[in-house]
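Asks: Residues per chain are reported as follows:
Number of protein chains: 2
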Amino acid sequence: MKRVGTQTITFDNPPTILETSSIVGPKESQGPLAKYFDQCLDDEFWGEKTWEKAESKIIKENVNSVIAKSGIASTDIDFCFAGDLLNQCISSSFGLREINIPFFGIFGACSTFVESMCLASVFIESGGASNALCATSSHFCSAEKQFRFPLELGNQRPPSSQWTVTGSGAVILTFSGTGPYITCITPGKIVDMGIKDANNMGAAMAPAALDTLITHFRDTGRKPSYYDAIITGDLGYIGKEILTELAETKGYNIKNNYEDCGVLIFDKENQDTHSGGSGCACIGTVFSGYYFKQLKEKKLNKILLIATGALMNSTSSQQGESIPGIAHAIAIEN
Amino acid sequence: MKRVGTQTITFDNPPTILETSSIVGPKESQGPLAKYFDQCLDDEFWGEKTWEKAESKIIKENVNSVIAKSGIASTDIDFCFAGDLLNQCISSSFGLREINIPFFGIFGACSTFVESMCLASVFIESGGASNALCATSSHFCSAEKQFRFPLELGNQRPPSSQWTVTGSGAVILTFSGTGPYITCITPGKIVDMGIKDANNMGAAMAPAALDTLITHFRDTGRKPSYYDAIITGDLGYIGKEILTELAETKGYNIKNNYEDCGVLIFDKENQDTHSGGSGCACIGTVFSGYYFKQLKEKKLNKILLIATGALMNSTSSQQGESIPGIAHAIAIEN
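Residue numbers (the working numbering), protein chains in the order written: chain A, 160 to 493; chain B, 160 to 493.
Where hints are given, some of them may not hold.
One copy or two, it doesn't matter: identical chains are merged, so the pair holds either way.
No more than 27 Å apart at the CA atoms, straight line, and that leaves these computed lysine-lysine pairs for DSS-like [claimed, not checked]:
no., residue 1, residue 2
1, Lys427, Lys458
2, Lys452, Lys427
3, Lys208, Lys355
4, Lys414, Lys452
5, Lys355, Lys304
Read the hints as simulated data drawn from the structure, not as lab findings. Values in this document were obtained by computation on a predicted structure and should not be read as measured data.
All chains, please: the whole structure from these sequences, using the hints.
Replies: As structure tokens, then:
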């Protein structure tokens, strides 16, 4: 591998994304991408007694699914990189406590999915791993309870709020394969522009996305038009518009090929999801379900996947803190 | 690098631990290792209004300290790997939001410090980074409030409980140096033996430590006597005894060269810390303050550092769950 520019790593033998799997909850199952997901649940509890246990079950079953689909024995998966939004990442650690694979817990809020692929790519390209598993999850009910209000209160949601995706995305990366390949990674810095509204995550995270996006272009010498699609994780309608405008002020026109998973996963008009989807599973399920298939079918051949995260919690907001954002990017190419 | 056995990676060009720094709180400043720490605070708040903000300040100032001591410009540090115990790791993300270094947030509970060094080592040895920063923190007051009871309640603590270390440990790893070197890593699996007592973390984490310890010996062909010291992070008095006994039943005698940072950092008789210290900063400060100096002065030349983590939160305990443990190991040699 080679370091390029200030914060990009390019791979000489790029890891292949061998297989993906996605499970989504009931609301996502009624959205425009439903047909692309491996499993659509009709119950937020999935037979469990609590939302937290349901979320653990979702990531567990999704990891079992991606391993089964990949045809690789779980004993041949060298490392697992996983994390989620729950306090102390309990969805991942409880959901994956039985998989018996060396485990790196990570926390990047909603950037976790791409963060895990950044780390796994470096392990694979360097020979530290032959196969690696990346997984994440989120759950609307457990997230609302933890970050905002108990659902039972029935609080109104402001128009700038986003809807945490219930689901899990998981991928298996391998050292030898026929693609799609992770050709380079641009891990991001923490960016805090002083936004304090926990109901406007898109605005809080857009500056971090801009920073990573521009750094990626500068480091690689690529332009937006190099990619068939530039895809952010969960900026939603508001954050997407902010990023598009900010990029233009910096001389990068992304209007023609920029999509956001939070915009894609729900039907804004009919699903009452305000500014769109969010959560670790937003980019996790939309990439694992939709974009991976587009790449395999060569409908897309070069994409830049940027996951953004808001690195706050309810205590920090109560203590008057602003919301630091982060964004990690990976280029995936056939 | 080479994969050895089932879950160990050995390095052909092992990264050097260039520099360390440690800051500790008032109680640790009265303990037996006080003279080894870079800075001893006399106030848990350190001039901040909340414990969370104090913890962020501690990791921030400690990172500034290790960068200053290393002589490396922060612009030459390619990646930062950091995490902590607070919900959504806000100590790290708020404390480090201004350092302007690409950031990987990680969560391994009290195993975070060694997890960060595992990841950074792979980045450095593979050429993905020339220099990397690893940092962690914990704070007695913020941890008690979050995991157990508000301190204002004055709850009694059972004899098996441990005392979360207030402080931060930080290291800078570099690709070219004269050691001490990280020669190999053995990342651990999640191990859950069904322990449910959140006031007996040592018992919950000892089986994970055993799993990683034995795997490390099997993978490398080394015996306990290969090391001048085998050091766990925060098993405390109870967990240390359990690990020693469990290792013996598996044919490994670690009685002569095994220490635990949670046992070392406090004076059990005079500091009322029951089963010893715990928290991310326990191994973080004891390694950064004490063991790194022992290595530099060649008083120790080969150590195995094993950090253990309990991957639970207060919600999981309230929902009747057991406590999954994890342990990551790195060998450090002159």
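Asks: If a hint holds in the structure, say so; if it does not, say that too.
Replies: Now for the hints, and whether the structure bears them out:
1. Taking CA atoms no more than 27 Å apart as the test, lysine 427 paired with lysine 458 passes inside one copy only; the shortest distance there is 25 Å, against 65 Å between copies.
2. Taking the closest pair of Cα atoms, lysine 452 and lysine 427 come within 27 Å of each other only inside a single copy of the chain (24 Å); across copies the shortest separation is 59 Å, beyond that limit.
3. For the homomeric pair lysine 208 and lysine 355, the shortest alpha-carbon distance between copies (18 Å) is at most 27 Å, but the shortest distance inside one copy (34 Å) is not.
4. For a Cα distance limit of 27 Å, the shortest separation of lysine 414 from lysine 452 inside one copy, 23 Å, qualifies, whereas the shortest one across copies, 55 Å, does not.
5. Within a single copy, lysine 355 and lysine 304 get their C-alpha atoms as close as 19 Å, and across copies as close as 24 Å, so both meet the 27 Å cut-off.
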